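2 protein chains.
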Amino acid sequence: MKSDTNDILKKNQLSVTGSRTAILELFQKSNGALAHADIEKKSSEQFDRVTIYRTLQVFVEKGIIHTIPTTDNSVLYALCKDNCSQGHHNDNHAHFICDVCDLTYCLEHIAIPAINLPAGFKQTRTDVVMSGICKNCSNK
Amino acid sequence: MKSDTNDILKKNQLSVTGSRTAILELFQKSNGALAHADIEKKSSEQFDRVTIYRTLQVFVEKGIIHTIPTTDNSVLYALCKDNCSQGHHNDNHAHFICDVCDLTYCLEHIAIPAINLPAGFKQTRTDVVMSGICKNCSNK
DNA sequence: GTAGATTTGCAACATTGTTGCAATATGTTA
DNA sequence: TAACATATTGCAACAATGTTGCAAATCTAC
Numbered sequence: 048m049k050s051d052t053n054d055i056l057k058k059n060q061l062s063v064t065g066s067r068t069a070i071l072e073l074f075q076k077s078n079g080a081l082a083h084a085d086i087e088k089k090s091s092e093q094f095d096r097v098t099i100y101r102t103l104q105v106f107v108e109k110g111i112i113h114t115i116p117t118t119d120n121s122v123l124y125a126l127c128k129d130n131c132s133q134g135h136h137n138d139n140h141a142h143f144i145c146d147v148c149d150l151t152y153c154l155e156h157i158a159i160p161a162i163n164l165p166a167g168f169k170q171t172r173t174d175v176v177m178s179g180i181c182k183n184c185s186n187k
Numbered sequence: 048m049k050s051d052t053n054d055i056l057k058k059n060q061l062s063v064t065g066s067r068t069a070i071l072e073l074f075q076k077s078n079g080a081l082a083h084a085d086i087e088k089k090s091s092e093q094f095d096r097v098t099i100y101r102t103l104q105v106f107v108e109k110g111i112i113h114t115i116p117t118t119d120n121s122v123l124y125a126l127c128k129d130n131c132s133q134g135h136h137n138d139n140h141a142h143f144i145c146d147v148c149d150l151t152y153c154l155e156h157i158a159i160p161a162i163n164l165p166a167g168f169k170q171t172r173t174d175v176v177m178s179g180i181c182k183n184c185s186n187k
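Chains as they are written, first to last, in our numbering: chain F, 48 to 187; chain Z, 48 to 187.
Heads up, a few of these hints could be off.
Given that identical chains are not distinguished, each listed pair holds provided it fits within a single copy or across any two copies.
Claimed, not checked - In silico lysine-lysine, DSSO-like type, Cα no more than 30 Å apart, as pairs: (1) K182 with K57; (2) K182 with K76; (3) K169 with K187; (4) K182 with K169; (5) K58 with K182; (6) K169 with K58; (7) K169 with K76; (8) K89 with K187; (9) K76 with K187; (10) K88 with K182; (11) K109 with K89; (12) K169 with K57.
Please keep in mind that the hints were generated in silico from the structure rather than gathered at the bench. Everything numeric in this text was worked out from a predicted model, so none of it was measured.
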């Protein structure tokens, strides 16, 4: 794992530092998306709040993680899969937020149907945010 | 316009007060969505910040306005059209945010195609957030 | 190992959102 | 319309979240 994160950072021309490695590992371990607050909680003993902000900013800029829009104020971040790590700004994303457990799933393999826009509108990015009950919670 | 907002408030069992009327009129005058900050700026001389927060909360609860998810931290609010003012929680919405002028369009008349979810997922709400260049900006 | 560049942590600050409570405004009833 | 009960507002104080500048520490390349 260590060398994995190491590679990712180097590939993106970033210095390999403790906080970057740790935060990247957090994302790799988590099965869903993480909010800034989650990251703070899971690593706040170690790193300054400011460092986390800046690390997330850099990761987003480099396309290592992406943001997920939500209806409330919270911003979620999730790891970009290998094949979408470049040119993320023209990408389409679908996410599912469970109303029960609050986990966010990245629906990587979902095809987003084309949506017809009114004439004159040029769309470069589409985000689909679905909410409801996830697989785990509906089985309980 | 005054009697219009009056009706809307009464229909939703809300007292007709200065701030509610004013904020509702702001939404009716604006052609796009408004962020909390916008509302503060356009009416901050008149109403307390807290009042604006609470007014927006009440409006959302009553289904008078709805929130629009965005990729950055900002929460946008937009007026619900008449026919979507009830049962808003099971609704589908599409919005377009222009990268140039930053205006947000509610695409009321757009059909959102069904998206196939993995087995076990039950979706109750779908938000589509598109960004790009709007009609006005692409004509410049 | 050392020099130069990058990153971190701290401090201070700005913005955004929340809560309790007293004062005020609203709706209702007589 | 006066008066009561209820709902709303504004204030103050606070909490959470995000930003900036700068010196110290760390990293990379040589």
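Query raised in the report: Which numbered conditions among the earlier hints are violated in the structure presented, ordered from lowest to highest?
Result: 1, 5, 6, 12
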